[in-house]
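Trainee: Heads up: the sequence lines are chains P and Y, in that order.
Heads up, the first sequence is in the numbering used here, so the first residue is 1 and it goes up one at a time.
Heads up, the second sequence is in the numbering used here, so the first residue is 1 and it goes up one at a time.
Calculated from the structure, these hints are not laboratory results.
Fair warning: there could be bad hints in the mix.
What the hints assert, rightly or not - Restraint-style ranges between C-beta atoms, simulated for each label pair:
(1) Y:Glu88 <-> P:Lys151: 29 to 39 Å
(2) P:Thr20 <-> Y:Glu21: 52 to 62 Å
(3) Y:Lys12 <-> P:Thr20: 27 to 37 Å
(4) Y:Leu102 <-> P:Asn257: 44 to 54 Å
(5) Y:Asp111 <-> P:Pro218: 24 to 34 Å
(6) P:Ser133 <-> Y:Asp111: 12 to 22 Å
(7) Y:Ser55 <-> P:Ala23: 40 to 50 Å
(8) P:Ser226 <-> Y:Leu34: 22 to 32 Å
To be verified - What the simulated footprint calls covered on chain Y by chain P, stretch by stretch (three residues with Cβ under 8 Å from a Cβ of chain P suffice, anywhere in the stretch; the number is not a length):
(9) 9-15
(10) 26-34
(11) 37-49
(12) 83-94
As the list claims (entries may be wrong) - One-sided excerpt, in silico: chain Y residues whose CB lies under 10 Å from chain P:
(13) Phe66
(14) Glu109
(15) Ala115
(16) Ile123
(17) Arg135
These figures come from a predicted structure and were not determined experimentally.
The C-beta atom is built at its ideal place from N, Cα and C for all residues, glycine as well.
Chain by chain, the residues:
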Amino acid sequence: MANISLIKRRIQTAQNVSKTTRAMQMIATSKLKRAQDSAVASKPYVEKLTFLTRNITDRIDPENISDYMKQVDINVRLLVVVSPDKGLCGGLITNLLKELLRYDNSFNNVKYIVIGKKAEKTVAKLGKEIVGSFDFGTTLPIFENVYPIVKLINDQFLGKNVSGVDVLYTNFFSVFSQKPNLSSLLPIKLPDDQTSGKDVKDTLDKIKRNSPYTLFEPSPDELLPSLLSHYLEMAMFQYLLESYASEQGARMISMKNATENAYEIIDYLKLEYNKKRQEKITNEILDIGGGAMALAYE
Amino acid sequence: MNLHLEIITPEKIIFESEADEIIVPTLNGQIGILPNHIGLLTKIIPGELIIRKGSAQTLLAITGGFLEVNNNNVSILADYAVKAEDVEIARAQEAQKRAEKLMQEKTTEKDFKVAQAELIKSILELRVAGKIKKRSSQS
Numbered sequence: 001m002a003n004i005s006l007i008k009r010r011i012q013t014a015q016n017v018s019k020t021t022r023a024m025q026m027i028a029t030s031k032l033k034r035a036q037d038s039a040v041a042s043k044p045y046v047e048k049l050t051f052l053t054r055n056i057t058d059r060i061d062p063e064n065i066s067d068y069m070k071q072v073d074i075n076v077r078l079l080v081v082v083s084p085d086k087g088l089c090g091g092l093i094t095n096l097l098k099e100l101l102r103y104d105n106s107f108n109n110v111k112y113i114v115i116g117k118k119a120e121k122t123v124a125k126l127g128k129e130i131v132g133s134f135d136f137g138t139t140l141p142i143f144e145n146v147y148p149i150v151k152l153i154n155d156q157f158l159g160k161n162v163s164g165v166d167v168l169y170t171n172f173f174s175v176f177s178q179k180p181n182l183s184s185l186l187p188i189k190l191p192d193d194q195t196s197g198k199d200v201k202d203t204l205d206k207i208k209r210n211s212p213y214t215l216f217e218p219s220p221d222e223l224l225p226s227l228l229s230h231y232l233e234m235a236m237f238q239y240l241l242e243s244y245a246s247e248q249g250a251r252m253i254s255m256k257n258a259t260e261n262a263y264e265i266i267d268y269l270k271l272e273y274n275k276k277r278q279e280k281i282t283n284e285i286l287d288i289g290g291g292a293m294a295l296a297y298e
Numbered sequence: 001m002n003l004h005l006e007i008i009t010p011e012k013i014i015f016e017s018e019a020d021e022i023i024v025p026t027l028n029g030q031i032g033i034l035p036n037h038i039g040l041l042t043k044i045i046p047g048e049l050i051i052r053k054g055s056a057q058t059l060l061a062i063t064g065g066f067l068e069v070n071n072n073n074v075s076i077l078a079d080y081a082v083k084a085e086d087v088e089i090a091r092a093q094e095a096q097k098r099a100e101k102l103m104q105e106k107t108t109e110k111d112f113k114v115a116q117a118e119l120i121k122s123i124l125e126l127r128v129a130g131k132i133k134k135r136s137s138q139s
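Work the whole structure out from these sequences, hints included.
Mentor: Below is the structure:
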C-alpha cells in the first residue's frame, strides 16, 4: 500500500519538474530568437564602423595614433568577464570559469571588471582587485548598459593603470555549441587582413585609388578618438549580445534535456505503478478466491 | 550619376536608396552633398536630415553619428534615426515631458546627460513630424 502511494507521489514530483523545465525551455527559446535577431541586425553597422575606422587609421601619421592604440609598458592587465546572472544553463558557466582561472594563472597581475553574478563570486574568491561589478540581467542587453562599463575601461586604460584589456565571454557558434572565448579589446587592433579577409583590403585599396583626396572634417586626429570610443562601445555591446545568446541557447538545450529526462522518469514510474496496482488486484482476487474455496469445503 | 545613400543604425538599415541631394547637420555646420562630391568623413550632430530625389523629399531626425562619402556612395552611421512619417507623436511628446521633468529634478550628472539626450531626441522627432504634417495639409 505504502509503496503505491510513494510511487504516485514521485510521479507527481516528476511531473511538476517537467512542467517547470519545459516552461524555462520555452522562455529561453523565445529569448534566444530575439537575441539572434538583434545580433544579426547590428552586423552591418559594426562592419561599416570597423571599415571607417580602418580607413581613417590608414591615412593618419603613425605618430598621431590615438592613445587607444598605444602599447603601455605596465605589467598589469584588465580582464572583463561576462557571465550570466543565473545558473541552470548546462556547462556554460563551468567552462567559462575554467578559462577564467587559466587566465588568472598565466598573468601575475590582473584587475577585473565582472559582469554577471556567477563570475563575481569566483573572482571574489581569487582575492584580486575588482575595479567594477555589473549585473548582467536576464533580458536582452540594451546599448545604454555599455556606457558605464566602457567608461571604467577607459579610465583604467587611458589613465595608464593597465597595459591591456581583454574580454572573456562566451562565443555563440550555434544553438548546440557555445565556447568561452578570450578576446583582446585594448589597445585596439582592428581586424587585420588575416581575419577580415582579402575583400576588405581590396575595397580599401580601391577606395584609395578612386578618391585619393578625402576630406576629414574636423581633422582625422580629432575624429579618430570619437570613432574609436564608439567602436569600443559597439564591440563591448557585441560581446554582451553574444554572451546573452549563448546563455539562452545553453539554457534551452539543458532545459530540453531536463524535460526529456523527467518524461523518461515519469514513464518508468507509471509502468512501475501499474505493475504494483495489478499485483495488488491479483492478490486481492486470490484472497477472495481462497476465502470462497475455504467456505465451499466446509 | 546619382548618389547611393545608406543609413545604418545599430538596430537596422533604416534607409537605402538612390538620392539627388542630401543635406546633413555636421560638426562644422549644415552641409549639402551632391553627386560627385569629394571623399569626406565627418561627424554628424543631432538635427534634421533631408534627402531629395527628384521632387520627392524625405525628412529624418538624426541624433548623431558619422558620415562617409566615397565615390558617390554615401554611408551614414547613425546612433539613432527615424523617418518623419514614422515618428510616434504621442510617444515623443511624452518622452519630452518626462525628460524635462527629469532635468528639473536635480539628479546626478550622468542622469542629467541621459535626460538631455532624450530631450533633444524627442524635440527633433516632433519638429520633423510637424514639418511633414504641415506640408501634407497644404497640398
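Trainee: Now look at each hint and say whether the structure bears it out.
Mentor: Against the structure, the hints come out as follows:
1. Y:Glu88 <-> P:Lys151: 29 to 39 Å: Distance hint for Y:Glu88, P:Lys151 holds at roughly 31 Å.
2. P:Thr20 <-> Y:Glu21: 52 to 62 Å: Check passed, 60 Å falls within 52 to 62 Å.
3. Y:Lys12 <-> P:Thr20: 27 to 37 Å: 36 Å, holds
4. Y:Leu102 <-> P:Asn257: 44 to 54 Å: 46 Å, holds
5. Y:Asp111 <-> P:Pro218: 24 to 34 Å: Given range 24 to 34 Å: holds, Cβ gap about 29 Å.
6. P:Ser133 <-> Y:Asp111: 12 to 22 Å: 20 Å, holds
7. Y:Ser55 <-> P:Ala23: 40 to 50 Å: 56 Å, violated
8. P:Ser226 <-> Y:Leu34: 22 to 32 Å: For Y:Leu34 against P:Ser226, whose Cβ atoms are near 26 Å apart, the range 22 to 32 Å holds.
9. 9-15: holds (count 5)
10. 26-34: Our answer is that it holds, as 3 residues pass the Cβ test (under 8 Å) against chain P, meeting three.
11. 37-49: holds (count 6)
12. 83-94: Not satisfied, violated; 0 residues make the cut.
13. Phe66: 6 Å, holds
14. Glu109: Violated. Min distance 12 Å.
15. Ala115: Nearest chain P Cβ about 12 Å off; hint violated.
16. Ile123: Violated, because the Cβ-Cβ distance from Y:Ile123 to chain P comes to roughly 20 Å (cut-off 10 Å).
17. Arg135: Violated. Min distance 31 Å.
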